[in-house]
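K.L.:
Below are the chains, spelled out letter by letter.
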Amino acid sequence: MTTTNQLSTQGLDLRYGDRLVVGGLDLTLPGGAVTAIVGPNACGKSTLLRGLSRLLAPAAGTVTLDGADIHGMSARSLALRMGLLPQQPVTPEAITVEALVRLGRYPHQRLLSPWSAADQKAVDEALERTGTTGLRDQPVDQLSGGQRQRAWIALALAQDTELLLLDEPTTFLDLRHQLDVLDLVAALHAEAGRTVVMVLHDLGQAARYADHMVVLKDGRLAAAGPPAEVLDADLVRSVFDVDCRVIPDPETGTPLVVPKGSAARHTAAPATA
Amino acid sequence: MPNLSSLFVTATERAAPFGEPPRALRHLPLFLGGIGALALCAALSLALGARSVPLSTVLDALSGHAEGRDALVVTGLRLPRTVIGLAVGAALGVAGAVAQGITRNPLASPTTLGINAGAGFAVVVAIFALKLTDPVEYVWFAFAGAAGAAVFAQALARRAGDIDPVRLALGGTVLQLVLLSWTSAVMLASRRTLDEARFWLAGSIAGRQLDTLWPVLPTLVVGLLLALAVSPALNALALGDDSAQALGVPVTRIRLAGGIAVVLLAGSAVAVAGPVAFIGLAAPHLVRPLLGGDHRLLVPGCLIPGPLLLLTADVAGRLVIRPAELEVGIVTAFLGAPLLALLARKVAR
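For the protein sequence lines, the chains are A and B, in the order given.
Just so it is clear: in the first sequence, position 255 is 255 by the working numbering, and no numbers are missing.
Just so it is clear: in the second sequence, position 229 is 229 by the working numbering, and no numbers are missing.
Bear in mind the hints are in silico, worked out from the structure with no lab data behind them.
Model, not experiment: these values are computed from the prediction.
Take these hints with a grain of salt, some might be off.
Here chain B is said to cover these stretches of chain A; the calculated rule only asks that three of the stretch's residues, wherever they fall, bring their Cβ under 8 angstroms from a Cβ of chain B [unchecked claim]:
id	stretch
1	50-61
2	73-83
3	90-96
4	102-109
Counterexamples of contact, computed for chain A against chain B with all Cβ distances above 12 angstroms [to be verified]:
id	residue
5	Thr64
6	Ala68
7	Pro86
8	Asp124
9	Gly146
10	Leu165
11	Glu191
We treat Cβ as the ideally placed atom computed from N, Cα and C, and that holds for glycine.
Build the full structure now, drawing on both the sequences and the hints.
P.N.:
Shown next, in the form of structure tokens:
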């Protein structure tokens, strides 16, 4: 089987206890692309990401990476192929940025084997790429939200995997830092050829940054495909229950969701629709 | 008090970066200082007590050149007591570091996992039912009780197949309270059990001979090796279960292995000395400001402050109400309570 880093699911059911969160999902996430998973709150986006990264065992169905069941792999061999940034990771007290990023080398190390030059190189590159080289000796718990998020992404980069899963990497960040993180993801894909799968909230950002979009509603697949083909007014109405127009983004030409005027309190000029 | 706590915080901020490969040489002065302090404590433990012996006589007695009552006190009573103190302190210190690592809770300790209470209950029941009278006979009951309680605490903490760290700490605490009340119930029902058990239950290394230590030596060694083996994974576990799993750590298996290491170490300690609290809680907190949070340094690092604390408390217990003695478990509880308050304040901040 070739390594194209293609994740797919076959009849995937994910449950928390008795509650079915994701049901009957047949999905293929193209390798070598940036995929955004979107959908309303509680639609199962993050749960799906947990299922894809083996944090949650399927109640039924399978998740495969290039055709191989990820539950048949050892924790370590999967960690060498897939990195993950969870939504709310725990920052150990007093840990420095570099020490945090070094932990990304965990799957590459063996008991009693020393820290190698390759390990240090991967850490230095991850710091460089995320712009955190200057912060390497600072304690992570004293950084701003945007800096902290970049440090965590650097950890996932130091893991040096072809496939990177990000769970809402822009949450709690201001607009500038959201764009920084997304530009970083875009650069990772463009320059380093990484396959990225991320859960996003903002449909416009998903359309701008993703090659492939997976839209979930109530744990079921509502649509999947390139954003320009998938994202239209009917989809937004049926999935998010929002009346809107979808227009080309004046900057990028990608679909931009503009809610209808009735959803606004102020109008500058008479609405045209 | 405020001075002390601010000192602690600044020390933590300066802590060595964690996640770095252990560089033994950088910490050599610290290591030598620790060994020196430990040697001093051991010497004091050999010399001081109801009958104080000059250090020169201690040295003569150890090398076999001295005879008489003083030499007999040193080699026959204080040497085994000191060796046992070193072993028990080391075991409790390492067990504490692993317990805090697997629960990701800086207030966790072997006591929190129900180990001391389990041992205490098993010993009291054995004294009551089997009419035991000698601490050597308690060893395996104590060990079995400690293991049973820890297994039960881990079972309480299981959720959807995984061990939840918060449930582990809470479940262990609840279990501890239940076992303590059962222990009291048995002792109140039997005057003889109360008389036999109360000194053991206080936690003491007095009057123990080395043949109390030999049976648990294998479990101590296996526990220590297991603790050292899981320590790199504890660094990843500190990032949360999801991150650790994504880094290739088999989280449930590591938490189980760490739990077994704690049971072997703390179970052996309690089997020899009875329940001694706070050593396991305090030792990692003494090491972290000096060596940082890297478990590859922290876990073996606790081999020094553990016995240091235990021997200091033991010697202090011999001096405060001379010629009588306070059990080491009472002294550590006495010193540990303010420490716990201090740590809780720091964690809450």
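K.L.:
With d taken as the least Cβ-Cβ distance between A/Glu191 and chain B, does d exceed 12 angstroms?
P.N.:
A/Glu191 clear of chain B: closest Cβ-Cβ about 23 angstroms, beyond 12 angstroms.
K.L.:
Is it correct that the beta-carbon of A/Leu165 has no partner in chain B closer than or equal to 12 angstroms?
P.N.:
violated, 8 angstroms
K.L.:
Does A/Asp124 sit more than 12 angstroms from chain B, CB to CB?
P.N.:
holds, 14 angstroms
K.L.:
Go check the stretch 90-96 of chain A versus chain B for me, would you? Three or more residues, Cβ under 8 angstroms, otherwise it fails.
P.N.:
holds (count 7)
K.L.:
Can the stretch 102-109 of chain A be counted as covered by chain B under the rule of three residues or more with Cβ-Cβ separation shorter than 8 angstroms?
P.N.:
It holds, with 6 qualifying residues against the three required.
K.L.:
Beyond 12 angstroms from every chain B Cβ: check whether that's true for A/Ala68.
P.N.:
holds, 16 angstroms
K.L.:
Does the claim that A/Pro86 lies outside the interface with chain B hold up, using a Cβ gap greater than 12 angstroms?
P.N.:
violated, 4 angstroms
K.L.:
Within the assertion that chain B covers the stretch 73-83 of chain A, do at least three residues meet a Cβ-to-Cβ distance smaller than 8 angstroms?
P.N.:
Result for this restraint: holds, n = 9.
K.L.:
When you look at the beta carbon of A/Gly146, is every beta carbon of chain B farther off than 12 angstroms?
P.N.:
Holds, since 19 angstroms exceeds 12 angstroms.
K.L.:
Does the no-contact call for A/Thr64 survive, Cβ to all of chain B over 12 angstroms?
P.N.:
holds, 18 angstroms
K.L.:
Are there three or more residues in the stretch 50-61 of chain A whose C-beta lies closer than 8 angstroms to some C-beta of chain B?
P.N.:
holds (count 4)
The structure does not agree with the numbered hints 7 and 10 stated previously, though it agrees with the rest.
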